[in-house]
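Going down the list, the protein sequences come from chains B and V.
So for the first sequence, the working numbering puts the first residue at 92; every next one is plus one.
So for the second sequence, the working numbering puts the first residue at 244; every next one is plus one.
Please note: incorrect hints may appear among the correct ones.
Said to hold, decoys possible - Using 30 Å as the maximum straight-line C-alpha spacing, the simulated DSSO-like pairs for lysine-lysine come out as follows:
no., chain 1, residue 1, chain 2, residue 2
1, V, Lys263, B, Lys142
2, B, Lys376, B, Lys272
3, B, Lys376, B, Lys142
4, V, Lys300, B, Lys142
Read the hints as simulated data drawn from the structure, not as lab findings.
Chain residues, written in single-letter form:
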Amino acid sequence: MGERTIIPFGPQHPVLPEPLHLDLILEDEKVVGAVPSIGFVHRGLEKLVEKRDFNEMIYVIERICGICSFIHSQGYAQTIEGLMGVEIPARVKYLRTIWGELSRIHSHLLWLGLMADAYGFESLFMHCWRVREKILDIFEETTGGRVIFSVCKVGGLWKDIDNETLKRIVTVLKDVEKETKKMADVFTRDYTVQKRTRGVGVITYQEAIDLGAVGPTLRGSGVVQDMRTLGYAAYGDLVFEPIVEKDGDCYARTIVRVREISQSFDLIYQAINKIPDGEIDVKVKGNPNGEFLTRLEQPRGQVVYYAKGNGTKYLDRFRVRTPTFANIPPLLKMLPGADLADVPVLALSIDPCISCTER
Amino acid sequence: MTDQTFNPVTVEEIVDHSFKYANDGYRLIQIHCTKTPEEMFIIYTFEKLDLSCESIKANVQVGDTVQSISKIFHPAFLYENEIHDLYGVNFSGMIVDFQGTLYETAVKQAFSITASDKE
């Protein structure tokens, strides 16, 4: 047995865009254990709900994260609407689905770029982020924002997308789809990518379930589970199957995300074909009372929202169980036995979002 | 759709219920604390792969000790450490105990009931 060394990995690390912190226990170059620390940038946003009007709180919630910002606002709105028994117009459901799937594409492209960067494939990283810019351009055109949109509200949306613009979005997305397919070929077939990801950080089917994995980390181990199949927003009207890979390694998790980008294009086309005309909001009367739990599928996996109202304009509690929080135990299972050089790839393979985790 | 029933249980019954859910094929998807100005509750949510989901809810106080379910559901240790650090509820038998250092917040038990809540 070699001498044991403890190496801090993060919170500041060249490969990490976010302050993930792991104390890695090493024997020579092999990881034998890992201890996570969170709380480095904890902001206490959930606590703020006690001091903010429930209608204004949505602007705080969408700032939990800059990548899945829209779906956080959608999740908050959906939870409060459920709590108050508000039925939103059909057009709102479709528009939320379109913006949600655009968010998934931009999140996965961002992650694919970071993953390419983690194993030193700089040109691939730049291609992913260049293509992603076109999705951000669509956000800017339709919402006015590239990161924080502020289009969701309790009872509907602040902004509509007219049907002409929706048609133009399809044209743009067809081009983006072609470029994405070229990159997908590199991620699926390139020798360097496979060398760094195949057989690395394997989580079996049963381990993924037992350790509470969610999203691509769960589906990469062959488990068929996607919260969108619950049929929230417009998903109940759209045809799709959860994307699943069976190998449970970093490669499988990458391929799930690559295939989910194609699926998101298809879901957007379906939604644009079926979107009905109509209002984009309903009047919300009264204050929330009681408790309500909602589950949604973020790009990183299942997110759970819980709200408790007391009949006033302030909520007693708003809880967000983020996907990264659920994926920490699987990450701790992947690390023992890995080479130190593989730790960045392993950590990134769960697509960690510390901003979400430390909401 | 998600079942909105939060079945009331006592703190002593949490482990038995967790065993039952584990035997019925559920997995743990979250534990959190919630509070009113007067009382606190701890809520456990379990989910099957077919997405059916159930929650249990127990009344707790700051300083209470609740038996950990991390030996039944491994990921529970993270939620339990989080609740300990933010709400001041203790857990016995956690498989990983951060001893109050998971969240290094400036204010201890920052989310628990304060005197201003009761006013």
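Results of checking the hints against the structure:
1. In summary, the hint linking lysine 263 of chain V to lysine 142 of chain B is not supported, as the alpha carbons are separated by about 39 Å, beyond the 30 Å threshold.
2. As the CA atoms of lysine 376 of chain B and lysine 272 of chain B are separated by approximately 47 Å, the hinted pair breaks the 30 Å bound.
3. At roughly 20 Å between alpha-carbon atoms, lysine 376 of chain B and lysine 142 of chain B fall within 30 Å of each other, so this suggested pair holds.
4. For a cut-off of 30 Å, the pair hint linking lysine 300 of chain V to lysine 142 of chain B stands: about 25 Å separates their Cα positions.
When the structure is compared with the earlier hints, violations turn up for hints 1, 2 and for no others.
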